[in-house]
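From just these sequences and the hints, can you work out the full model?
Which chain is which? The protein sequence lines are L and X, in order.
Numbering of the first sequence is given in my numbering, commencing with residue 1 and proceeding in unit increments.
Numbering of the second sequence is given in my numbering, commencing with residue 1 and proceeding in unit increments.
Just so you know, the hints here were simulated from the structure itself, not pulled from any lab data.
Be aware that one or more of the hints could be misleading.
Take a look, some chain L residues computed to stay more than 12 Å from chain X by CB distance [what the hints assert, rightly or not]: (1) Ser24; (2) Glu29; (3) Glu46; (4) Glu75; (5) Asp88; (6) Pro145; (7) Met188; (8) Lys202.
Think about it this way: if two alpha-carbon atoms lie no more than 16 Å apart in a straight line, the pair counts; the simulated EDC-like pairs of lysine to aspartate or glutamate are [as the list claims (entries may be wrong)]: (9) Lys244/X - Glu83/L; (10) Lys89/L - Glu185/X; (11) Lys244/X - Asp77/X; (12) Lys4/L - Glu148/L; (13) Lys85/X - Glu83/L; (14) Lys89/L - Asp19/X; (15) Lys104/L - Glu148/L; (16) Lys12/X - Glu83/L; (17) Lys134/L - Glu83/L; (18) Lys134/L - Glu148/L; (19) Lys127/L - Asp77/X.
Since this is a predicted model, take the numbers as computed values, not measurements.
By construction, the Cβ of each residue, glycine as well, lies at the ideal position given by its N, Cα and C atoms.
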Amino acid sequence: MVLKVKELSVSYGEKTVVDKISFSIQKGEVLGILGENGAGKTSLIEAVLGIRPAIYQEVSILGQSPIHNRKQVFEKVGVQFQESHFPDKMTVAESCQQWSVLYKHTEPYQSLLTKFGLQDKENSLVKSLSGGEKQRLAVLLALLPNPELVFLDELTTGLDTKARKKLWQTLRDYKREGLSIVLTSHYMDEVEALCDRIMILKKGHIICEGTIAEVITYSGQASLEDAYLALTDEEGER
Amino acid sequence: MTFYTLTKIEAKLVWRGLDILIFGIIFPIIVAFLFGYIMNNELFTQGNTMFLQSYPAVVTISILATGVMGLPLTIADYRHRHILKRFQVTPASPLTLLCAQAFVQFIASILSFLGVTAVYLFVFNYEMAGSFGLFLCSYLFVLIAMYSIGILIGSVVPDQKAANLWGSLAYFGMLLFSGATIPFEIFPEILQNVFAFLPLSQGIQLLKEVSLGGVLSDMIYPIVAMTACVLISSFLSIKYFRWK
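Spelled out as structure tokens, the structure:
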């Protein structure tokens with residue numbers, strides 16, 4: 001088991017934004033977390049990573065606690081947050097060098113820059129990159145330590161069609177080599193292209209989970225998009 | 001290796017920013033030339049005393065620029081941009097990044113110290129009555145106290161705008177009223193009594209006493225004040241620091 005979460009809850013004061021959620025991921029598996037803004041996706045991920053206070057029975061990443069064994073855990077875990085920012089005057093190469101020294105083992109960043117189509121940007125300031133380029137850099141940094149598990153929060157927001165397809169292909173290559181992925185997304189085509197299983201959140205609860213086919217069947221709709229809309233709406237009316 | 005590379009990159013980022021070069025290094029050296037020229041003039045009756053008292057004051061300008069201005073702004077900036085948060089999910093601690101940044105600011109402060117000292121020594125033939133080794137220790141002590149104030153500001157402010165406001169208040173307040181630039185002795189006594197509450201006023205007082213070869217009993221109050229400053233700021237920083 002690469003990731004195991006049992007009965008995890010996150011509250012802000014009186015308000016519970018993630019309510020007793022349990023899930024797990026196997027090696028090489030891709031889990032998509034879906035849900036509207038405010039459904040609890042980011043809070044869930046941050047709590048699993050141990051950077052947001054939470055109550056839980058168990059959270060284990062690669063068999064260890066991300067809080068008590070954070071040094072070991074994060075050698076093998078990459079994270080791309082929803083928005084990645086960098087110091088104003090930092091170049092792409094510097095952001096890669098900085099990230100490389102944090103880990104014991106990393107891939108040479110130059111080859112990753114080529115893989116992500118950023119080889120010409122090495123000496124550009126990160127702030128001069130387009131939104132899509134910046135996003136690709138963030139994913140690149142998450143993959144730099146050659147992780148066994150990555151968390152990708154809103155993977156392709158801001159990317160154009162061609163860049164998205166290319167990034168999906170890259171991630172599928174990593175998956176084939178055994179990388180496990182937890183991603184959040186608002187794009188159903190992306191979910192269908194990448195995810196083995198999905199989990200739809202609403203107000204901190206899982207309202208449906210399973211393979212894409214299972215979720216579509218469960219909803220009685222024709223496509224994932226319709227299934228998603230039907231499931232998230234229906235719950236709201238109850 | 002990690003710390004070295006992080007420090008190298010932070011140094012490049014600070015260098016490209018130019019603020020520290022201008023306010024932390026060039027500005028104090030210009031003030032050193034100016035004071036040396038004005039106060040060494042025979043027309044100035046009390047010139048020599050003032051000149052001797054100005055050296056320990058001018059060396060603190062860069063402590064202010066780096067510790068009370070540069071440091072809190074960077075801490076607030078890194079927190080606001082979620083850079084510290086990104087470091088939280090790596091094997092390294094975000095604290096390593098902040099230490100690298102503080103170390104770069106410290107180096108800038110030392111460069112300025114060397115520059116100002118060179119001007120006083122070689123251009124204006126400054127001679128220190130007290131022990132230079134002791135002076136250096138006091139300088140580092142004052143530096144630690146001022147940096148702890150900077151870290152406190154960076155720790156408690158909600159965003160960069162607030163860091164800018166409080167950093168500027170502390171920076172300009174102490175730059176002008178604690179004797180770092182305008183000689184403390186020329187303020188009316190009533191104002192001196194008020195400005196004595198500024199932490200750097202005590203720091204400069206300590207440096208002056210040491211540089212003039214004063215007696216320990218005159219240094220006790222400033223030493224207590226600086227120590228209190230370090231302890232209170234550290235305590236509050238640890239209590240209120242937020243990574244995000």
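Hints and how they fare:
1. Ser24: holds, 20 Å
2. Glu29: Holds, since 20 Å exceeds 12 Å.
3. Glu46: Glu46/L is in fact no farther than 12 Å from some Cβ atom of chain X, at 9 Å.
4. Glu75: violated, 5 Å
5. Asp88: violated, 8 Å
6. Pro145: Violated, because the least Cβ-Cβ distance between Pro145/L and chain X comes to about 8 Å, which does not exceed 12 Å.
7. Met188: holds, 28 Å
8. Lys202: Non-interface label stands for Lys202/L: nearest chain X Cβ at 26 Å, farther than 12 Å.
9. Lys244/X - Glu83/L: holds, 13 Å
10. Lys89/L - Glu185/X: Given that 16 Å is the threshold and the Cα spacing comes to 42 Å, the pair is violated.
11. Lys244/X - Asp77/X: holds, 11 Å
12. Lys4/L - Glu148/L: holds, 14 Å
13. Lys85/X - Glu83/L: Holds. Lys85/X to Glu83/L sits at ~11 Å (cutoff 16 Å).
14. Lys89/L - Asp19/X: holds, 13 Å
15. Lys104/L - Glu148/L: holds, 14 Å
16. Lys12/X - Glu83/L: violated, 24 Å
17. Lys134/L - Glu83/L: holds, 9 Å
18. Lys134/L - Glu148/L: violated, 23 Å
19. Lys127/L - Asp77/X: Answer holds: Lys127/L to Asp77/X is near 15 Å, not above 16 Å.
Hint check: violations occur at hints 3, 4, 5, 6, 10, 16 and 18; the rest are consistent with the structure.
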